[in-house]
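Protein chains in written order, with this note's numbering: chain A, 20 to 422; chain B, 20 to 422; chain C, 20 to 422.
Fair warning: there could be bad hints in the mix.
Listed below are the simulated BS3-like cross-link pairs for lysine-lysine, each with C-alpha atoms no more than 27 angstroms apart in a straight line [what the hints assert, rightly or not]:
1) K79/A / K115/B
2) K334/C / K79/B
3) K322/B / K334/B
4) K175/A / K384/A
5) K404/C / K384/C
6) K94/A / K115/A
7) K79/C / K175/B
8) K94/C / K115/B
9) K322/B / K115/A
10) K39/B / K79/B
11) K39/B / K175/A
12) K79/A / K39/B
13) K404/C / K175/C
14) K72/C / K250/C
15) K334/B / K175/B
16) K334/A / K79/C
17) K384/C / K115/B
18) K322/C / K334/C
19) K334/B / K115/A
20) K244/C / K39/A
21) K244/C / K115/B
22) K72/C / K79/B
23) K404/C / K39/A
24) K404/B / K115/A
Covered, in the sense of this in silico footprint (three residues per stretch, anywhere, with C-beta under 8 angstroms from a C-beta of chain A), are these stretches of chain C [stated by the list, open to error]:
25) 101 to 109
26) 119 to 128
27) 274 to 285
28) 289 to 301
Please keep in mind that the hints were generated in silico from the structure rather than gathered at the bench.
Given the structure is predicted, the values throughout are model-derived calculations rather than measurements.
C-beta atoms are modelled at their ideal positions from N, C-alpha and C, and glycine is treated no differently.
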Amino acid sequence: MSTSTIEAPQRARATGYGRKPSTHDATMTEVGPGTPLGEFMRRYWHPVAEAAKIQHVPQKLRILGEDLVIFRDRKGRPGLLHARCAHRGTTLYYGKVEENGIRCCYHGWLFDVEGRCLDQPCEPDGGRHRDQARQPWYPVEERYGLVFAYLGPPQKKPVLPRYDILENVGPEQMLWTHVGGFFATGDSSLSVVPYSWLQMNDNVMDPFHVQVLHSTFSGVQFHQKFALMPKVEFFAVDHGVCYSAVRQLEDGREVDRISSWLMPNIMSVPDIQFASGASSNVAWVVPVDDTSYVTAAVMKLPKGSDSPGIRVNGKRWGEMTEAERQRFPGDFEAQSGQGTISLHSEEHLVTSDRGIMMQRRILEKQIEVVAAGGDPLGVNFDPAKEVHAVRSGNFFRAARATG
Amino acid sequence: MSTSTIEAPQRARATGYGRKPSTHDATMTEVGPGTPLGEFMRRYWHPVAEAAKIQHVPQKLRILGEDLVIFRDRKGRPGLLHARCAHRGTTLYYGKVEENGIRCCYHGWLFDVEGRCLDQPCEPDGGRHRDQARQPWYPVEERYGLVFAYLGPPQKKPVLPRYDILENVGPEQMLWTHVGGFFATGDSSLSVVPYSWLQMNDNVMDPFHVQVLHSTFSGVQFHQKFALMPKVEFFAVDHGVCYSAVRQLEDGREVDRISSWLMPNIMSVPDIQFASGASSNVAWVVPVDDTSYVTAAVMKLPKGSDSPGIRVNGKRWGEMTEAERQRFPGDFEAQSGQGTISLHSEEHLVTSDRGIMMQRRILEKQIEVVAAGGDPLGVNFDPAKEVHAVRSGNFFRAARATG
Amino acid sequence: MSTSTIEAPQRARATGYGRKPSTHDATMTEVGPGTPLGEFMRRYWHPVAEAAKIQHVPQKLRILGEDLVIFRDRKGRPGLLHARCAHRGTTLYYGKVEENGIRCCYHGWLFDVEGRCLDQPCEPDGGRHRDQARQPWYPVEERYGLVFAYLGPPQKKPVLPRYDILENVGPEQMLWTHVGGFFATGDSSLSVVPYSWLQMNDNVMDPFHVQVLHSTFSGVQFHQKFALMPKVEFFAVDHGVCYSAVRQLEDGREVDRISSWLMPNIMSVPDIQFASGASSNVAWVVPVDDTSYVTAAVMKLPKGSDSPGIRVNGKRWGEMTEAERQRFPGDFEAQSGQGTISLHSEEHLVTSDRGIMMQRRILEKQIEVVAAGGDPLGVNFDPAKEVHAVRSGNFFRAARATG
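Take the sequences, apply the hints, and build the full model.
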């Protein structure tokens, strides 16, 4: 063995060699039953499907790492059950919906939307002990055209919240809903988005990527006003974080764009064409499992509106080639480019990431609250307080002197 | 941290929340070398291929978690060898069959059907020490148009059994054979079935799913008589379990359908068109590995018969769309719907599952026998006792008074 | 429980039953950061791309288990950076190349080819602390039409070697380069070869497979002269192994084919059409990760030559069917047939494998040298010694008497 006598070059020229192994932050990304984040998330209602699409043919639904089926019985009640039949475990996806529930294909056990076993046709008297075989189920409620589910401890079920900006739908208005990949791709190409929910959640309180990714790097994806670098302030609200991004316009006015993130996974983004006034939408980033999610969105629109959607150079995301996506990346590329689960140990957060730091700090704190047996911010058990105020919007005004 | 003062609703309304992690039963499903089930299964002969399809082109064959190749040398002897050449490990799938064996493509080593190395052409004198490099091999025998293999300890090799109902093939009869997914799908779409062998094995002593899955849930898949709920009795036989399923017919007769399961993975199902008399077939559920299997079947048929097969609404399984399979599920859907390996900790077995409980109890007991060094039920070392009697059939008779 | 009284047949008839679990040799195959082989490999320069193909569109590049991007800035300098942006981790594959480096799509951070952060446009003053966020990078150099990278400790960076047979390219000559699967398939079908680098490396000092695989088993893949079984000697050279394979020709001459393997993963194979004289090519087997690699090749050819390539029965590898590949296997089949990573515990090495044993012994020894902090054979820190002599070639001469 020989050892070189070459002198080491300056250490300052450190390369990629010799780095520590990198890791993701499990506390913020792993959502299965019993995990800290999973238990925290299970304290909230989550939208899981568009109500109009839940009919009598059962559909597979994966949420928070659990495999479920969703259907609507012939009385019109939506049902959300574990996919495996409580008897011998075949999936109720092959079940048949009846007046009072869903019947398993294999031996005909019939369950209602709350998992009660109503019939065991191969057993004497239709199953004398059928009460002992309750199918695991979760409560659901319909609102705003979405089906919401609660997967947490029954005694901790909160009131399903309302949002002021989604109430009072006028006679010339409608609620547009979408569950899938809309907030990642701007179209309906994806039914599930194949990376961690946190990467989309981080994106919400990040007004700066709008200036770069959506406005100057890939051309104008939203509106040319976004190309102006804003002056940004982040501030805490009741149970979330907002930012105010102020841009000075050429006509002497300024526009204050206020965007909101609410616990645990809710955003309300103002109109991306810079229409003046309050935001008309609320969206949730619902973890499917550790490495995928859906966005569920509701938007108040004039009746007869086309479905919202983003085109880049005239093309929807689903129509773009890989080369076009490389040249004109959008949210999906930026977020999926972070990996299936980002390696948080490698991040270098800076002042423009302050919104993300605030979000994560709140999440971490409230995950601890739940782990200690408490109730996290944003859950509410009082029906009188069910309406949440949302502050988001594009607010135009005369420019103020800034200090 | 705050704690809600809401009173917990009644505990009886338990949902899917807070369930214990679920598990499969490894003892009944894991088949690799050295596992309890694997060692037990290795004490029996298993059919692994249709004899007519084993010719001079080597074929890949996976069985009990081992990767093998099967071929027939030019003398006509079938050979079953580990796929990796004993020399440097390339697969003998790329080998070439000769008069006396198979030659590896890489360096030309030649092995006979019992793994003896006959030539090492790159070594002096064709390999002076070639005897030291025996290729791992397994004994095979041909019977009923199938190739049977024995993967167990050489000193424990039993007599290859015969079955009375497959003997004495008359001049107007033939034996139809199939290895693949036939008993799962009713057609030849699948060469391997992608879930645990136990899910098919459970299906054998389950007469009730015939009434539901095959007769009333998905329409008539076999014969309309199956829609009558039978009176069922299970009983132990020499080394297996039978059921008797009696149906009262409109014409005053009754039909007693007797179906058999024999150790360790053998079934004899009576004719599914309810033809009268003894069953004409025997089938094996052969584990490929922990998460897949093939069925190997022999059926005695009149010469010139079409290949058996099931159609639903005029379509074979391979021709059905996913939506049709969801609407008209059959054995493949019910069994694959249990998962790659079912979660046995979640099962709720009831009185109609008594046949499955009997099967599993026998299997568990005999797995223990093998683990303790004994010989399990159903293996036989006495050539005088090679013929097994099979009791299966559809037996019509005048209805008896039932007590 | 009963125990058979059958006598065990002779033990000599051992089958495949009861074998120990088989394993691969991790020390020779696992290449990630911190592994013994990975640290050893990181002491050498490796060619990673064809220089002409590295332009302003960033490309993904995986090498030694690390995910990188490679590009050329608008000043013409090639850059090799970790794929994850040092800021929030999105991939620089979606970045845009500028005069001085590459800009991330998400928040616009700009890095030069040595990872220095030149701009953080969303931070005050373009990032007052941007020096603290150096993007992990690796040194690259261009030579012979290839881009070479050094992934090891900066203070141990050796001189990039030259090879005498690639120097002095005459005015009527050119250097042909290829990075991909060329040495596995003989064509450009594969960009990455999906099995361990060691399987290709083992192939280099194995003159016997040329006689079998390439010449007598699958017909003539290279040249009919290879069908003559050679007399082979292996011998160590400065930092590698050579073989001399002598074949007696019908015309009374003999041809001595000398082929070279150089540390750690370099081969120089003589012309496979048996053209007389020194080899004109050098090739590297560069691990992509534990289970895949590329070959990077340079060949000196007459100007205007067609790209080299192998056809079997008139077809390139990429044009062959699976059945044709089974019947006429080549290097890809023989090597991929060993598995993703071969099971080295199952090998039976014999006298014709002596070259492989010599290679592996040197590798093992030098891996230990690096683990102990030393410099392995074949790295050189003295610019005066940068040219390596390569001995490979087809040398024709009058037959000598052999003892």
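Here's how the hints hold up against the structure:
1. K79/A / K115/B: Measuring from Cα to Cα gives roughly 48 angstroms; hence the hint is violated.
2. K334/C / K79/B: Given pair K334/C, K79/B holds - Cα atoms ~25 angstroms apart, limit 27 angstroms.
3. K322/B / K334/B: With a Cα-Cα distance of about 25 angstroms, the restraint between K322/B and K334/B holds, given a limit of 27 angstroms.
4. K175/A / K384/A: holds (19 angstroms)
5. K404/C / K384/C: holds (23 angstroms)
6. K94/A / K115/A: Roughly 14 angstroms separates the two Cα atoms, so the pair holds.
7. K79/C / K175/B: violated (56 angstroms)
8. K94/C / K115/B: violated (56 angstroms)
9. K322/B / K115/A: violated (41 angstroms)
10. K39/B / K79/B: violated (40 angstroms)
11. K39/B / K175/A: holds (19 angstroms)
12. K79/A / K39/B: The hint holds at about 22 angstroms.
13. K404/C / K175/C: Between K404/C and K175/C the Cα gap is close to 16 angstroms, so the pair holds against 27 angstroms.
14. K72/C / K250/C: violated (42 angstroms)
15. K334/B / K175/B: violated (46 angstroms)
16. K334/A / K79/C: holds (25 angstroms)
17. K384/C / K115/B: At roughly 38 angstroms apart (the allowed maximum being 27 angstroms), K115/B and K384/C break the hint.
18. K322/C / K334/C: Measuring from Cα to Cα gives roughly 25 angstroms; hence the hint holds.
19. K334/B / K115/A: holds (21 angstroms)
20. K244/C / K39/A: violated (53 angstroms)
21. K244/C / K115/B: holds (22 angstroms)
22. K72/C / K79/B: At roughly 40 angstroms apart (the allowed maximum being 27 angstroms), K79/B and K72/C break the hint.
23. K404/C / K39/A: violated (35 angstroms)
24. K404/B / K115/A: violated (49 angstroms)
25. 101 to 109: holds (count 7)
26. 119 to 128: Per the Cβ count (5), the hint holds.
27. 274 to 285: violated (count 0)
28. 289 to 301: violated (count 0)
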